[in-house]
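Asks: Given next are the chains, with one letter for each unit.
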Amino acid sequence: MSVRVLHPGLLLTLQDLGRPGHAAEGVPVSGAADALSLVVANRLLGNADGAPALEATLLGARLAFDADATLCLAGAPARARLLLDGVEVDVPRLAPFAAPRGSTLTLGPASVGVRTYVAAAGGFAAERILGSAATHVAAGLGGLDGRALRAGDELPVERRAGPGRPRALAAPARAWLDARLGRRTLRLLPGPDLEEFPGDARAQLARTRFEVLDRSDRTGVRLRAPDLAPPAGGARVSRPMPRGALEVPGPGEALLLLPDGPTTGGYAVLAVVAQVDHPRLGQLRPRERLRAAWTSLAEARTLRAEAEARLARWLPPA
Amino acid sequence: MARVHAAWARVRRAEVVGLVDGTLSYARLLLAFDLTRTTPSAAETEVERALAPPEGAHAQGPGEEGPGAEGPGTEGPGADEAASAPPTAVLGTGLGRELTLPVCFEAPHAPDLDDVARAVGLAREEVVALLTATPFTVAFLGFSPGFPYLLGLPPRLRVPRLASPRRVVPAGSLGLAGAQAGLYPSPTPGGWRLVGATPERLFDARRTPAGRLAPGDRLRLRPIDAAAYAASHAASHAAAHAPSGAAPATPREGRSA
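Chains as they are written, first to last, in this note's numbering: chain A, 10 to 327; chain B, -12 to 244.
Next up, chain A with everything else stripped away, as it sits in the complex:
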């Protein structure tokens, strides 16, 4: 069976958990900007965590099915309607549903967050480039011919793997996922260049009220950061950039690196977002306001371990 793209919305790409291991060739990890939501959608369908799925951006998408499929939506909440034989019904988020042969799925604009994941039982079939189906549009890697999906594209769904049984998600698990998706405070670790920043950068960061700017994409989220200023001397020679780096390119500006972001760069890194909040970065919505709170490596590890344990309890891996 295959899925046909009728409308790709703002940006529709195939994503999985990315291609770590190639940074020394300049290749970023890529993959789902909100990897937690991708994993949740896949686990609900009984897929492997990293099965390729569609990542829709802000404005939704429209898809048609030429054979019976089982789907699951996760990530940014958006109204989703399934049209079959002239009858349109709402379909759920965070629960598997059937998309019968001949049906059309219309995913509306995200009401919270940015990215909604559409996973299919079995996973979308895609060529692995450097070990991953993740699309990196700028470099032309992964997905379908290395590009964003467009109207008319046909995406085959894997059937051979024999997915596990679709599962349900308990109410507390849904509440927990939604709280993480809308979290207003990012937890940060001290960055490699923290000591070079002028004044008391620790206090300034904790005080700053960030605002997400429009010019944000899968390489990074641009933020207005009124209290922050870069170290004197401007950009320095390029150095490795950790995932989740918070760069300060200029006074009052900050940039959070996302999965398609550069592997090396020359702006000073004030802080690095703790892994527990990485999925949240992919859901930061233009004009949204945010705060930051310092954490320690020990606490960050505990937070991440607790989050993984909770998810495993509610939704064990397939």
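Any given hint could turn out to be false.
Stretches of chain B that chain A covers, calculated by requiring three or more beta carbons in the stretch to come under 8 Å of a beta carbon on chain A [said to hold, decoys possible]: (1) 2 to 15; (2) 116 to 130; (3) 186 to 200; (4) 203 to 210; (5) 214 to 220.
Keep in mind the hints are simulated off the structure, nothing from the lab.
Just so it is clear, CB atoms sit at the ideal spot from N, CA and C, and this is done for glycine as well.
Start from chain A and add chain B according to the hints.
Replies: Quick look at chain B alone, frame taken from chain A:
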């Protein structure tokens, strides 16, 4: 600098538990670990063991990065860069090939060449002559897939980055920023001054290795005119372009687990 490559090779060979990625620059090596499979202290111990000098060898020198257990989002403090400018020493990785890339320094491929020439007080032709007389060395690949950071830029040609980065830099562009030079393999945003462009593909994920250039390679730039650029661009991109369309992609390496 050759030492970051040597360090990376040793860490990789040692198959350190939980190691998922390594990012290199002139004098820094960032290691990413999956902290569900290891702990910072265990990773640090293993990395130190991998980097321990063989019996009788010198200990790690000053100005070199310490290893550190740095997961994504858990970067530890690293040693400072020795200087604000990249090292100019020639790499000693032993992998260096002698390569020549054609580069067009004519419009529209060199949008900042006039500004650079003015800024450094040279004629446009003199800047091109300096660039094409320079033996560059690839320090490392970073930024975007296959992007080579080049050493050897004549000090005379040091210019600051653009005040505001371009939204899209055309693929193949030769950029300058301070003491750094590099070639953009794919159209990404970028703030370096663009003084030329090569028509050749610099990264192709279907080749092994995917990058046209590798650390340690010595590179010379051969000037070509816009007509030669167009002919060469058509040839190198037609040859490598995979057929596209609605045909379903076939999995090459099977599904990831």
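Asks: Indicate, hint by hint, whether the structure satisfies it.
Replies: For each hint, the structure was consulted:
{"no.": "1", "hint": "2 to 15", "verdict": "holds (count 8)"}
{"no.": "2", "hint": "116 to 130", "verdict": "holds (count 4)"}
{"no.": "3", "hint": "186 to 200", "verdict": "holds (count 6)"}
{"no.": "4", "hint": "203 to 210", "verdict": "violated (count 0)"}
{"no.": "5", "hint": "214 to 220", "verdict": "violated (count 0)"}
Of the numbered hints stated above, those contradicted by the structure are hints 4 and 5, listed in ascending order.
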